[in-house]
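Undergrad: Each chain, written out:
Protein chains: 2
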Amino acid sequence: MSDRLLINLAILGGTGKEGQGLAYRLAKAGYPILLGSRTPDKASRVAAELNQRLGQDSIRGLGNEEAAGRCHIAILTVPYAAHRSTVQALKGHLAGKVLVDVTVPLMPPDVTTVHVPEAGSAAQEAQQILGPTTQVVAAFQNVSHGHLLEDHPVHCDVLVCGGDDEARQQVLQLVAAIGLVGWDAGPIENAVVVEGLSAVLIGINKRYKMHAAGIRITGDQPPR
Amino acid sequence: MSDRLLINLAILGGTGKEGQGLAYRLAKAGYPILLGSRTPDKASRVAAELNQRLGQDSIRGLGNEEAAGRCHIAILTVPYAAHRSTVQALKGHLAGKVLVDVTVPLMPPDVTTVHVPEAGSAAQEAQQILGPTTQVVAAFQNVSHGHLLEDHPVHCDVLVCGGDDEARQQVLQLVAAIGLVGWDAGPIENAVVVEGLSAVLIGINKRYKMHAAGIRITGDQPPR
Chain L
293 MSDRLLINLA
303 ILGGTGKEGQ
313 GLAYRLAKAG
323 YPILLGSRTP
333 DKASRVAAEL
343 NQRLGQDSIR
353 GLGNEEAAGR
363 CHIAILTVPY
373 AAHRSTVQAL
383 KGHLAGKVLV
393 DVTVPLMPPD
403 VTTVHVPEAG
413 SAAQEAQQIL
423 GPTTQVVAAF
433 QNVSHGHLLE
443 DHPVHCDVLV
453 CGGDDEARQQ
463 VLQLVAAIGL
473 VGWDAGPIEN
483 AVVVEGLSAV
493 LIGINKRYKM
503 HAAGIRITGD
513 QPPR
Chain F
293 MSDRLLINLA
303 ILGGTGKEGQ
313 GLAYRLAKAG
323 YPILLGSRTP
333 DKASRVAAEL
343 NQRLGQDSIR
353 GLGNEEAAGR
363 CHIAILTVPY
373 AAHRSTVQAL
383 KGHLAGKVLV
393 DVTVPLMPPD
403 VTTVHVPEAG
413 SAAQEAQQIL
423 GPTTQVVAAF
433 QNVSHGHLLE
443 DHPVHCDVLV
453 CGGDDEARQQ
463 VLQLVAAIGL
473 VGWDAGPIEN
483 AVVVEGLSAV
493 LIGINKRYKM
503 HAAGIRITGD
513 QPPR
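Read top to bottom, the protein sequences are chains L and F. Read in the working numbering, the first sequence has 373 at position 81, and its numbers run on one by one without any break. Read in the working numbering, the second sequence has 460 at position 168, and its numbers run on one by one without any break.
Derived by calculation from the structure, the hints in this document are not laboratory data. Please read these numbers as outputs of a predicted model, since none were measured by experiment. A few of these clues could be false.
Since the list gives no way to pick one copy over another, a pair counts as held whenever it fits inside one copy or between any two copies.
Derived pair list, reagent style SDA-like, types lysine to any residue, alpha-carbon separation capped at 20 Å [to be verified]: (1) Lys501 <-> Asp476; (2) Lys498 <-> Gln348; (3) Lys498 <-> Asp476; (4) Lys320 <-> Ile494; (5) Lys498 <-> Asp512; (6) Lys498 <-> Pro479; (7) Lys501 <-> Leu464; (8) Lys309 <-> Pro401; (9) Lys501 <-> Thr405; (10) Lys334 <-> His364; (11) Lys498 <-> Glu458.
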């Protein structure tokens, strides 16, 4: 557990529901969290609320730039409309780091149809902007924030894609730390599937009146 | 059961493993099957083998064109390299029908990286070629043929995408008939996810030494 204290995780654009959910689970797992927002006041307020719920003081609210600058691993949870501008603005702070991109390229109002960005996926778009000194890893898109902010077990596996083996393994470690089952889902080109699955799952939620559809990998393993 | 006898299903390019698996399961469910191949002799031989295994005589081997011409619903199971030419050749026989496209746009030798065709997906490519008189539905790509050719329950859900509501519902009925759980996964634009998942699952099979990884939709439903 103590090793986790050495790794500062930033959640950039972290005051939204998905960001809060990941901050809550990762703080509970023992990581210090830098919760970033364009408005530092809002970040501080949300951090205080989460800290109170956790009964600890491990989440700190900051501006996105300061959070990105001080972290070892950054997690990006912004709406797709803010994706490109946020990544561009934080580029200098992310050099030499791993960026976990949770962004889903939804195109409201029709959020149940898969939209494929020109770069192939949001994660590839981020990788193009950031260049080779930042390792972008796509993960966590399919896990409903509703699950993350509760304390029950999450019945949704996490597919992890990215161009760098070591970065993928690091992210798989974060997934395991918060009690989820992660899968190495291959190169960053596969992010189109992981991101697009979110639109498919939103559609399934609507059509079948479910709240937080997810996926699980099945196979010749013992059933969980 | 008797209604099923009225619906002729063609499995085009059906002598491969996935085609055989679907023919086996659908024949067992009571549907008459027209098993199509470029080489009618091969289709007849494979049909005879499957009939013997089934202890019934409901699969008939034919050329692809004859099978497509005589069927009510066609299922296409060809390697991606043969996709465009097969769809073009059968276009006239598929007008007014539903085509279930099982094709995965894999680009050997790297079959663990998602490849997105120019049309968006193999299913959209087929829809473009066939025009609006044929309803293309993407389905069954993620179910391992190993599962289909065995008699055990299949632990893999089937995501069904397509532009026409009624066609999607018909295909969901076929999925249920062979004992699988199907999900209406929305418009044909979502086929990129369903097709791409196959490459992700092949990668997971390799990395985790599994044989037939699949997916299951989870959510606020009773666990299965």
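Undergrad: Could you run down the list of hints and mark each one as holding or not?
TA: Right, here's what the structure says about each hint:
no.: 1; hint: Lys501 <-> Asp476; result: between (30 Å within a copy, 12 Å between copies)
no.: 2; hint: Lys498 <-> Gln348; result: neither (37 Å within a copy, 42 Å between copies)
no.: 3; hint: Lys498 <-> Asp476; result: between (29 Å within a copy, 11 Å between copies)
no.: 4; hint: Lys320 <-> Ile494; result: neither (27 Å within a copy, 34 Å between copies)
no.: 5; hint: Lys498 <-> Asp512; result: between (31 Å within a copy, 13 Å between copies)
no.: 6; hint: Lys498 <-> Pro479; result: between (31 Å within a copy, 14 Å between copies)
no.: 7; hint: Lys501 <-> Leu464; result: between (31 Å within a copy, 18 Å between copies)
no.: 8; hint: Lys309 <-> Pro401; result: within (19 Å within a copy, 41 Å between copies)
no.: 9; hint: Lys501 <-> Thr405; result: within (17 Å within a copy, 33 Å between copies)
no.: 10; hint: Lys334 <-> His364; result: neither (22 Å within a copy, 59 Å between copies)
no.: 11; hint: Lys498 <-> Glu458; result: between (37 Å within a copy, 18 Å between copies)
Violated hints for the displayed structure, listed by number in ascending order: 2, 4 and 10.
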